[in-house]
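With the hints as constraints, model all of the structure from the sequences given.
Protein chains: 2
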Amino acid sequence: MTTTILYVCVTCRGNPPAADDAPRPGARLLAAVEQKLGADGGDKGIALVPANCLSNCPRGCSAAVSASGKWTYVIGDLDPDRHAGDVIDFARQHRAHAEGVPEWRDRPEHVRKHTIARVPPVKPAAPSPAPSQEQS
Amino acid sequence: MTTTILYVCVTCRGNPPAADDAPRPGARLLAAVEQKLGADGGDKGIALVPANCLSNCPRGCSAAVSASGKWTYVIGDLDPDRHAGDVIDFARQHRAHAEGVPEWRDRPEHVRKHTIARVPPVKPAAPSPAPSQEQS
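Chains as they are written, first to last, in this note's numbering: chain E, 1 to 136; chain U, 1 to 136.
If you're looking for bench data, these hints aren't it; they were derived computationally from the structure.
Misleading hints may appear alongside valid ones.
Output of the computed footprint for chain U on chain E, the stretches with three or more beta carbons under 8 Å from beta carbons of chain U [claimed, not checked]:
(1) 52–63
(2) 66–75
(3) 109–117
Short, incomplete list of chain U residues facing chain E, as computed with Cβ under 7 Å [claimed, not checked]:
(4) ALA51
(5) LEU54
(6) SER55
(7) ALA64
(8) SER68
(9) THR72
(10) VAL74
(11) HIS114
(12) ILE116
(13) PRO120
Below 30 Å or equal to it, Euclidean Cα-Cα: the simulated DSSO-like pairs (lysine-lysine) are [unchecked claim]:
(14) U/LYS123 x E/LYS113
(15) U/LYS113 x E/LYS113
(16) E/LYS123 x U/LYS44
(17) U/LYS36 x U/LYS113
(18) E/LYS44 x E/LYS113
Built from N, CA and C at the ideal position, the CB exists for glycine as well.
Laid out in structure tokens, this is it:
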């Protein structure tokens, strides 16, 4: 099964923005995801990668899942104290689905309501799923 | 040089949404891009691909550029009557840049102001560019 890359934007200041001298909420989200993945015994199928700005600043914190030949999803409005588990769950669902398009009803609620964008795989291997389930 | 895929969301109803019996603004954007690319004599380095929902509905119309080994960008708030040229110009810049990260100052103004998200390449070949230029 293809490894899913889970990008976490570490430069994000959050909304409303954190104070300049406070730890960046994006860095806190990365730490939270890292800790939770570790507590679950690690996950060899998920590669956690810090990213410098996913350009979703007005709706940060942000994360994205991506994998070779699969759809890419960007998730926003993430709270480092609340949503690390949602991000990990969605990454696992993305990994388990051949096209990277987990069933809508199975996705964590935060992911359903705060998907910022999705992009087809670079080499389209399959037709686009029906759009009705992706309205956000 | 790697082909850049230019995805145009053809299911988009635009904002405010077009009437149910009107042509979908997303489909009109695709047609406008297609026509403009053709008028320019075509472009073998740009592959124009219709997509079913880029999940950026609140800020549609939407397009995305992507290429193997490069950053992916999602652009929103696109007006089919005004922004076909901007989307094509950005796709060409994306194709010309080794990492798919065109110089900020060179990007079309609409792209600078309405980038919805960007995602690193699936197989990171290069470090993330400095984040300061990507604040949106």
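Which hints from the list above does the structure break, by number from lowest to highest? 11
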